[in-house]
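Peer 1: Read in numbering that gives the first Met the number 0, the sequence shown has 134 at position 135, and its numbers run on one by one without any break.
Don't read these hints as lab results, they were simulated from the structure.
Predicted model only: the values in this text are computed from it and were never measured.
Among these hints, one or two may not hold up.
Simulated pairs of lysine to any residue, SDA-like, Cα-Cα distance not exceeding 20 Å [unchecked claim]: (1) Lys-5 to Leu-255; (2) Lys-117 to Phe-178; (3) Lys-150 to Leu-220; (4) Lys-150 to Asp-312; (5) Lys-250 to Asp-312; (6) Lys-117 to Tyr-36; (7) Lys-182 to Leu-112; (8) Lys-208 to Ala-234; (9) Lys-352 to Thr-72; (10) Lys-208 to Thr-243; (11) Lys-5 to Val-18; (12) Lys-350 to Ile-362; (13) Lys-352 to Glu-116; (14) Lys-117 to Pro-104; (15) Lys-250 to Leu-227; (16) Lys-5 to Ile-337; (17) Lys-150 to Leu-256; (18) Lys-57 to Arg-281; (19) Lys-350 to Val-107; (20) Lys-250 to Gly-285; (21) Lys-249 to Tyr-239; (22) Lys-150 to Tyr-36.
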Amino acid sequence: MKFIQKIIQQETVLCAAFVLAVISSLIVPPDKTYLTYIDWNTLLLLFGLMAVMAGFQKLGVFKEIGIKLLSRTRTTRQLMIVLVFLPFFFSMLITNDVALITFVPFAVIVLRLSQQEKRIVPLVVLQTLAANLGSMLTPMGNPQNLYLYAKSGIILQAFLQLMLPYTIASGLCLLAGIFFMKKEALCALDLNTAAFSDDTKTPKGTASKLLCFGIGFLLCLLCVAKLLAPAVAAAVLFFYLLATDRALLKKIDYSLLGTFVCFFVFIGNMGRIERFCALLERLLTGHERIVAVLSSQIISNVPAALLLSGFTDEYSSLIVGTNLGGLGTLIASMASLISYKQVAREYPAQKGKYLGCFTLANIVMLAVLLSLSVFLSK
Numbered sequence: 000m001k002f003i004q005k006i007i008q009q010e011t012v013l014c015a016a017f018v019l020a021v022i023s024s025l026i027v028p029p030d031k032t033y034l035t036y037i038d039w040n041t042l043l044l045l046f047g048l049m050a051v052m053a054g055f056q057k058l059g060v061f062k063e064i065g066i067k068l069l070s071r072t073r074t075t076r077q078l079m080i081v082l083v084f085l086p087f088f089f090s091m092l093i094t095n096d097v098a099l100i101t102f103v104p105f106a107v108i109v110l111r112l113s114q115q116e117k118r119i120v121p122l123v124v125l126q127t128l129a130a131n132l133g134s135m136l137t138p139m140g141n142p143q144n145l146y147l148y149a150k151s152g153i154i155l156q157a158f159l160q161l162m163l164p165y166t167i168a169s170g171l172c173l174l175a176g177i178f179f180m181k182k183e184a185l186c187a188l189d190l191n192t193a194a195f196s197d198d199t200k201t202p203k204g205t206a207s208k209l210l211c212f213g214i215g216f217l218l219c220l221l222c223v224a225k226l227l228a229p230a231v232a233a234a235v236l237f238f239y240l241l242a243t244d245r246a247l248l249k250k251i252d253y254s255l256l257g258t259f260v261c262f263f264v265f266i267g268n269m270g271r272i273e274r275f276c277a278l279l280e281r282l283l284t285g286h287e288r289i290v291a292v293l294s295s296q297i298i299s300n301v302p303a304a305l306l307l308s309g310f311t312d313e314y315s316s317l318i319v320g321t322n323l324g325g326l327g328t329l330i331a332s333m334a335s336l337i338s339y340k341q342v343a344r345e346y347p348a349q350k351g352k353y354l355g356c357f358t359l360a361n362i363v364m365l366a367v368l369l370s371l372s373v374f375l376s377k
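All chains, please: the whole structure from these sequences, using the hints.
Peer 2: In structure tokens form, the structure reads like this:
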């Protein structure tokens, strides 16, 4: 019983998706049509990207870049800019969750070294916003973008043009938030301190691995540009890890892939129920963007994208809506839970303050970007 409770707590979204898939299968019994539900290209490309990012993260590439950037900071404002915009820009390529897994613990160490722990709550709030906002720009920024990009058939240039105004506005808002804070001189940071464990720096003798993962990332980019079949990139990376690093292969987030499969089954089955389709299509028609935002607040933006995409072809509105929908509640973007868990573990007394600041900042940012979306849609 305790094991089941633990699974539910750790993989709540996957468990919910599995239950929905099972219930829908009772309504629509399994048949050969089930095989058409699964978007294999999305799953294979997502696997490839997760494999590459896990490799880069293990080699400490992202933190090494962060350390080099921080070596040039002289004021708390410069420190905040570096720590906030690291996840903002990196999330465009390595996904928002990987950016937060990497840079939130990194920021905690840096604040301790610089004796600036009083800034932990506003910094982590801004980092979380930055990761969720930066990831909006590209298809590989987060899972729902990758899925909607593949399903819609939109070209890469059009996707970037669609989300670029929101990304620029987000960056300016983040800068404004940083400049609103008090500026102080910063004591010299000892970035060679033992506080940075060995796994935060690129180990010696890993040039060949960096090259291999770099090639793997290039293959993924070719898939995103629709110049290469995702199956090719996934196969290359799978067999490479199978031969060189099976431990890393086990660290890939297979629960996310499982969540996608379960939602594909649920959506496919519900799409064969005429009354349900008619009801959801009526709710969505003309309101795709706001429905995507609101549903994301309850079930998070990845499941919202998977669900709603089965009942409308207004993909541009869904892309914008589910990206903006990542703002708001703590579960609107599951990546936000990564930051909260880090703060709760390191600074348990700050949990309430963090939730208050997080919610306020997200509501303000969501209001700004929704206003921008209304202006752009005119």
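Peer 1: Taking the hints in turn, state whether each one holds.
Peer 2: How the hints compare with the structure:
1. Lys-5 to Leu-255: holds, 17 Å
2. Lys-117 to Phe-178: OK: Lys-117 and Phe-178 at ~17 Å, within 20 Å.
3. Lys-150 to Leu-220: holds, 17 Å
4. Lys-150 to Asp-312: holds, 9 Å
5. Lys-250 to Asp-312: violated, 35 Å
6. Lys-117 to Tyr-36: violated, 50 Å
7. Lys-182 to Leu-112: With a Cα-Cα distance of about 18 Å, the restraint between Lys-182 and Leu-112 holds, given a limit of 20 Å.
8. Lys-208 to Ala-234: It holds: about 17 Å lies between the C-alpha atoms, which stays within 20 Å.
9. Lys-352 to Thr-72: At roughly 27 Å apart (the allowed maximum being 20 Å), Thr-72 and Lys-352 break the hint.
10. Lys-208 to Thr-243: holds, 9 Å
11. Lys-5 to Val-18: holds, 16 Å
12. Lys-350 to Ile-362: holds, 18 Å
13. Lys-352 to Glu-116: Holds, at roughly 14 Å.
14. Lys-117 to Pro-104: holds, 15 Å
15. Lys-250 to Leu-227: Roughly 25 Å between the alpha carbons, so the hint for Lys-250 and Leu-227 is violated.
16. Lys-5 to Ile-337: holds, 17 Å
17. Lys-150 to Leu-256: OK: Lys-150 and Leu-256 at ~16 Å, within 20 Å.
18. Lys-57 to Arg-281: The given pair, whose Cα atoms are some 47 Å apart, is violated under the 20 Å limit.
19. Lys-350 to Val-107: holds, 15 Å
20. Lys-250 to Gly-285: Distance ~41 Å between Lys-250 and Gly-285 Cα, so the pair is violated.
21. Lys-249 to Tyr-239: Status holds; Cα separation ~13 Å.
22. Lys-150 to Tyr-36: holds, 12 Å
In terms of the numbered hints stated before, the structure departs from hints 5, 6, 9, 15, 18 and 20, listed from lowest to highest.
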